[in-house]
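There are 2 protein chains.
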Amino acid sequence: MINVVLIGSGKVAYHLHKAMLGASGVALKQIIARSSQALLDFEASVPTADLNGTIQEADVYLLAVSDRAIAEVARQLPKRDALYVHTSGATDMEALGVHQRKGVLYPLQTFSKERPVDFHSVPLILEAGCDKDLSLLEDLSNALSNNVLKLTPAQRKQLHLAAVFANNFTNHMVALGEEICLNQGVQKELLRPLLRETWAKLETLSAAQAQTGPARRGDRRTLEAHLRWLNDPEKEELYKLISHSIANTYDQEL
Amino acid sequence: MINVVLIGSGKVAYHLHKAMLGASGVALKQIIARSSQALLDFEASVPTADLNGTIQEADVYLLAVSDRAIAEVARQLPKRDALYVHTSGATDMEALGVHQRKGVLYPLQTFSKERPVDFHSVPLILEAGCDKDLSLLEDLSNALSNNVLKLTPAQRKQLHLAAVFANNFTNHMVALGEEICLNQGVQKELLRPLLRETWAKLETLSAAQAQTGPARRGDRRTLEAHLRWLNDPEKEELYKLISHSIANTYDQEL
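These protein sequence lines map, in sequence, to chains A and B.
Heads up, the first sequence is in this note's numbering, so the first residue is 48 and it goes up one at a time.
Heads up, the second sequence is in this note's numbering, so the first residue is 48 and it goes up one at a time.
One or more of the hints may lead you astray.
No copy is singled out in the list; a pair is fine if it fits within one copy or between any two copies.
Quick list of in silico lysine to aspartate or glutamate cross-link-like pairs, DMTMM-like style, CA-CA up to 20 Å [what the hints assert, rightly or not]: (1) Lys235 with Glu284; (2) Lys76 with Glu90; (3) Lys76 with Asp88; (4) Lys65 with Asp88; (5) Lys197 with Glu236; (6) Lys282 with Asp298; (7) Lys235 with Glu271; (8) Lys58 with Asp266; (9) Lys160 with Glu250; (10) Lys76 with Glu104; (11) Lys65 with Asp128; (12) Lys58 with Glu226; (13) Lys287 with Glu250; (14) Lys126 with Asp106.
Quick caveat, the hints were computed from the structure, so don't treat them as lab data.
Quick caveat: nothing in here was measured; it's all calculated off a predicted structure.
Put together the whole structure using the sequences plus the hints.
Here you go:
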């Protein structure tokens, strides 16, 4: 049985606590949060405390806090012979400070409290300071997900960056498309069949294979028309830069 | 019964011919294409000809050809008392030239020959030179789709532009994310659970509501780290510009 104390009350902490409560071989001993108010959505069966309270013994202290809070929270945790692990994709393991045994468990997913997540499919990217701790972290992670990987710190950071493109930036492109509709008094739901087909294609094709559009086929006439119709300098600049990036990717001249 | 002659052999023509063969009240009389070779995937039951052959009488001549071919193909069609319609989102109705009765039927979707499309859900954006022809075009369109709209030329063009953001540009963001993975020797399939959740969120939230990430929360530290990790001037510029666009959208300071 791996005993875990979870620190944090945000979206990642929420889904980790759910996953741990459903996992065999893992005992979630306690959740540490600044205020019990923040834990209202959490399962009431788990004992809670704040950082000044009595923090229970555990094999793993799992810090699911914001990147900038990791170092400060790690400092406030009692020094014990346990593994201290953060869940950030973009933060060095060393942020965990003076603790001897350190590790990273980065879940590559976007979490919302309102939406259930199939945690078994979430890629968990692992790192640890020594083989023994990596093995402990693997045991914990395998109990939570079927998609566990050991990567280098550089690979983890690049994955975090890739996730920004694949999630945050794709979402913003949809937002800009919806904004263009709304500016024209056209309901944004008109884009929904197109969006659904966009996603569906990516289930069977790589994004490079699925790429279409004026920039992909080097259709300068349509590009120029679009730039005339865009009455927004920021969108114009985005349109140009992304179109050139597409053209460069597929060796098209614009 | 509305008699239609379809001109074209590409992806839009392919799905239009399929939809018309399945529609009641519509008779697809003939398909006109440069070469019969191009029609190998089409239903063999429909008579075909090329532009120099005998073109049958019809109520509607439907030009599903590339934007730049519309004017030239329209010129070559016999002049009859019929409605001449193109299917382009970005082209003026006037490209149909000397024909008296002109219209536009723009299907807002991305088509591939390999993938079946539920044509009934595809938004069809209509335009015509007079009310009588608009009414004919509506009858034809309502037989093909449950999602028929009359819009102004400006609205149609803006929708075409919105579709570039929502489809082509989102797809390219995924492609860049996949490229970052591959450059690190990490399999791009790792992004799949994240992509699925990205799409799933957009089924219930607007893209503006679903937006997350460092730029959305004004997390300058992570943005700066990402820019250090990107060893690619083009991706760096894209990263900066898109992040600033996100920050501007949600009144964040970067």
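Here is what the structure says about each hint:
Within a single copy, Lys235 and Glu284 get their C-alpha atoms no closer than 23 Å, and across copies no closer than 29 Å, so neither meets the 20 Å cut-off. In this assembly of identical chains, the alpha carbons of Lys76 and Glu90 lie at most 20 Å apart only when taken from the same copy (12 Å versus 65 Å across copies). In this homomeric assembly, Lys76 and Asp88 come within 20 Å of each other (Cα to Cα) only inside a single copy, at 17 Å, whereas the closest approach across copies is 62 Å. When the C-alpha separation of Lys65 and Asp88 is checked against a cutoff of 20 Å, the pair qualifies only within one copy, where the shortest distance is 11 Å, while the shortest distance between copies is 50 Å.
For the homomeric pair Lys197 and Glu236, the shortest alpha-carbon distance between copies (15 Å) is at most 20 Å, but the shortest distance inside one copy (41 Å) is not. In this homomeric assembly, Lys282 and Asp298 come within 20 Å of each other (Cα to Cα) only across copies, at 16 Å, whereas the closest approach inside a single copy is 24 Å. In this homomeric assembly, Lys235 and Glu271 never come within 20 Å of each other (Cα to Cα): the closest approach is 24 Å inside a single copy and 33 Å across copies. For the identical chains of this complex, Lys58 and Asp266 are inter-copy neighbours only, at 17 Å across copies versus 44 Å inside a copy, given an alpha-carbon limit of 20 Å.
Taking the closest pair of Cα atoms, Lys160 and Glu250 come within 20 Å of each other only across two copies (16 Å); inside a single copy the shortest separation is 26 Å, beyond that limit. Taking the shortest alpha-carbon separations for Lys76 and Glu104, only the intra-copy value of 8 Å comes in at or below 20 Å, while the best inter-copy value is 79 Å. For the homomeric pair Lys65 and Asp128, neither the shortest alpha-carbon distance inside one copy (26 Å) nor that between copies (68 Å) is at most 20 Å. In the homo-oligomer, the alpha carbons of Lys58 and Glu226 never lie at most 20 Å apart, since the shortest distance is 28 Å inside one protomer and 28 Å across protomers.
When the C-alpha separation of Lys287 and Glu250 is checked against a cutoff of 20 Å, the pair qualifies neither within a copy, at 28 Å, nor between copies, at 29 Å. For the homomeric pair Lys126 and Asp106, the shortest alpha-carbon distance inside one copy (12 Å) is at most 20 Å, but the shortest distance between copies (83 Å) is not.
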